[in-house]
Amino acid sequence: MARRRRNKSPIRLLVGAIALFEASGFALIACQSQPINQEALILAAAMPALCWVSTLFFPRFFPVDRLLLALTNFLCGVGILILYSMLPDRGMRQAQFYALGLLVMMVCILLVRWIRSWHALCWLMIPAGIGLLLAPVLFGSWLNGAKNWVAVPWIGSFQPSEAVKLMLLVVLAHFLSARRTLGRMLPALLFVAGCLGMLLLQRDLGTALMYYLTALAMYFVSTSNLPLTMLGLGAGAGAAYGGYQLFGHVRVRVAMWRNPWSDAFDKGFQIIQALMAIGSGGLFGLGLGLGQPRVIPAYYTDFVFAVICEQFGIIFGLCIVLVYIALMVRGFSVALRARQSFYALLAFGCTVMLGTQTFVIVAGVIKMIPLTGITMPFISYGGTSLLSCMGLMGLLQGVSSRVKEDTEQDVAMAQATEEAL
Amino acid sequence: MRPDWYEPLAVAGQYWFALLAVIVVWRAFRWLRADARLRKKVLKELPDAGYIGTLNVLAGESRDLEPGEDIPLPPEGVLGSAAGCDAWVPHPTVSARHAFFQWGPEGLRLRPCRDEPLAVDGRLIPANSEAILRHGAQIEMGAVVLQLRLFAGLDAAGAMTPDGEALLPAKKRKPRRRKAKAPRQKQAPVSAGTKRQKPVNDKPQKRVPPTDDNPIYGKQRDR
Chain Z
1 MARRRRNKSP IRLLVGAIAL FEASGFALIA CQSQPINQEA LILAAAMPAL
51 CWVSTLFFPR FFPVDRLLLA LTNFLCGVGI LILYSMLPDR GMRQAQFYAL
101 GLLVMMVCIL LVRWIRSWHA LCWLMIPAGI GLLLAPVLFG SWLNGAKNWV
151 AVPWIGSFQP SEAVKLMLLV VLAHFLSARR TLGRMLPALL FVAGCLGMLL
201 LQRDLGTALM YYLTALAMYF VSTSNLPLTM LGLGAGAGAA YGGYQLFGHV
251 RVRVAMWRNP WSDAFDKGFQ IIQALMAIGS GGLFGLGLGL GQPRVIPAYY
301 TDFVFAVICE QFGIIFGLCI VLVYIALMVR GFSVALRARQ SFYALLAFGC
351 TVMLGTQTFV IVAGVIKMIP LTGITMPFIS YGGTSLLSCM GLMGLLQGVS
401 SRVKEDTEQD VAMAQATEEA L
Chain R
422 MRPDWYEPLA VAGQYWFALL AVIVVWRAFR WLRADARLRK KVLKELPDAG
472 YIGTLNVLAG ESRDLEPGED IPLPPEGVLG SAAGCDAWVP HPTVSARHAF
522 FQWGPEGLRL RPCRDEPLAV DGRLIPANSE AILRHGAQIE MGAVVLQLRL
572 FAGLDAAGAM TPDGEALLPA KKRKPRRRKA KAPRQKQAPV SAGTKRQKPV
622 NDKPQKRVPP TDDNPIYGKQ RDR
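Read top to bottom, the protein sequences are chains Z and R. Quick note: the first sequence, position 80, residue 80 per the numbering used here, numbers continuous. For the numbering used here, add 421 to where a residue sits in the second sequence, where the first one is 1.
One or more hints might be untrue.
As the list claims (entries may be wrong) - So these bits of chain Z aren't anywhere near chain R, every CB distance computed over 12 Å: (1) 14; (2) 50; (3) 52; (4) 70; (5) 87; (6) 153; (7) 163; (8) 213; (9) 232; (10) 264; (11) 313; (12) 317; (13) 327; (14) 340.
What the hints assert, rightly or not - According to the in silico footprint, chain Z covers these stretches of chain R (three or more CB under 8 Å from chain Z): (15) 450 to 460; (16) 536 to 545.
As the list claims (entries may be wrong) - Calculated cross-link-like contacts (lysine-lysine; reagent style DSSO-like; alpha-carbon spacing at most 30 Å): (17) 267/Z x 147/Z; (18) 465/R x 404/Z; (19) 367/Z x 267/Z; (20) 404/Z x 147/Z; (21) 461/R x 404/Z; (22) 404/Z x 462/R.
Think of the hints as simulated: they come from the structure by calculation, not from any bench. Note that the Cβ used here is the ideal one computed from N, Cα and C, for glycine as well.
Chain Z extracted, bound-state conformation (with noise of 0.2 Å):
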């Protein structure tokens, strides 16, 4: 009975940990104004609540990777409430699509645990994510220099190149998989250019390179083709020259990324006002809803990170880093046990897209590389990439029960071969 409460517990101090940080979080949200926000203190209830029963309640009747969606709904938590702190129309919105990213993670781990075949959806998908591309160079309209956008009635703005990239982890598994040739190959990479080409078309050149990186390493990891990587690799650094010397944003931002103070109140001032909240946040921060987070131009999106090292502090901001490599080391982990090489690389696929994403946001918030303009996966306001970024996780907890399954058959045979000798 100890023995068995020992192995329960991991779960529970996790999940406790993180309830605990949901509920306090809402309710200091709450104490923020008089009278008290009656609607943070439904969150602290309810944010908790739906953590507990996912992650503890739900995984007795579903088959769900505890460690992956215990950290996901971490990090969802920290976004809806930094969000709810600074703009609480936005936040309820965001906590709103964060519960139907629950339903979209069941959806795509039922679709890997259920499809036997991908051979036909593939196929299917190949020119759905080139016409869903397509749609915001016709339709879209200009914002931020990039045309990434379009809106859709009765649902709103969205934006499609976020759908494509679930399509694009499973074309590329699928194509990449089992036999290696180059005709087997060709329609995952035609999908590839298709898709860069329509994200140039939409000057959305962080999405373009998060694609472009986990297209590559997929091959790699494939094929083992190192000196047709490498080509790929230095092709890449040609496009992005060629990009600099093109486009007048790129250059822009990398004369910002090299010296921010040249222009300091126009060009660089986004990337000065980030830096300075860092570090007027110090090691422990300056408290939830105080500081100063609206001077930072695009605080609730691409610039989240900074207001979270303002309001918690960099050791939090650092957890938070810590946190997406667990979930990283977690889904290579899973990939590497994978006993197809389909479900395989669909686990590595995700777990590179997730890496690049929050490495290029990450890494350009805090100057370490020119800032792209993508969303920091689970935090950043804004419902498509929620929604994108928790199918990714449902296609990778998917293939994690798979594996789930095998371990433990490896384990009872293992157990029952000890016994017999």
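Please build the complex by placing chain R on the supplied structure of chain Z, with the hints as guidance.
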């Protein structure tokens, strides 16, 4: 309107939030470590987990290959002399990517890459066609001769029962609809092939080197 006592409360709260974040990270990494230990234990106790059998080298010697050596065989992948191949046969007469293989309900499907010379049981396999291999089949690639040795308990033709009888002819593919109580038995053939099911007599199979009396190949590989 923010009350006066909110600011000291929020400042004090930062230490609390930092502590909770540290606990989350600590527990997550501890979990990952425990998981890695479990994997290590499983690998130690059942080193051939995830493999369907081995390719035993009957002929063909090189710096990295010796006759009698066992090459572990995953359920699907590429057979060749390139280091990245799923089944690695390091011999100068074997192409970098010589053949594709995939485990199916009827046995191991083998298909040459492009027009690489490949023979199964003395019969040449032309390009764009495939051979279905069963337990004991011999593969000839260049100067290398390999023998397929499947693990016992694989639910497919060509695999052996614990009594050494081949499961022939091929079992009919089961319908995809699952029963509620036995979901794993009705999975896709490839994944079903990767699982070593419990033997018919409900006792785990003892893995022993093959003998004339017992043709089941069950020797554990050294890693």
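The hints, checked one at a time:
no.: 1; hint: 14; verdict: violated (4 Å)
no.: 2; hint: 50; verdict: holds (17 Å)
no.: 3; hint: 52; verdict: holds (15 Å)
no.: 4; hint: 70; verdict: violated (8 Å)
no.: 5; hint: 87; verdict: holds (16 Å)
no.: 6; hint: 153; verdict: holds (39 Å)
no.: 7; hint: 163; verdict: holds (27 Å)
no.: 8; hint: 213; verdict: holds (20 Å)
no.: 9; hint: 232; verdict: holds (16 Å)
no.: 10; hint: 264; verdict: holds (29 Å)
no.: 11; hint: 313; verdict: violated (6 Å)
no.: 12; hint: 317; verdict: violated (9 Å)
no.: 13; hint: 327; verdict: violated (9 Å)
no.: 14; hint: 340; verdict: violated (6 Å)
no.: 15; hint: 450 to 460; verdict: holds (count 9)
no.: 16; hint: 536 to 545; verdict: violated (count 0)
no.: 17; hint: 267/Z x 147/Z; verdict: holds (20 Å)
no.: 18; hint: 465/R x 404/Z; verdict: holds (18 Å)
no.: 19; hint: 367/Z x 267/Z; verdict: holds (14 Å)
no.: 20; hint: 404/Z x 147/Z; verdict: violated (42 Å)
no.: 21; hint: 461/R x 404/Z; verdict: holds (15 Å)
no.: 22; hint: 404/Z x 462/R; verdict: holds (15 Å)
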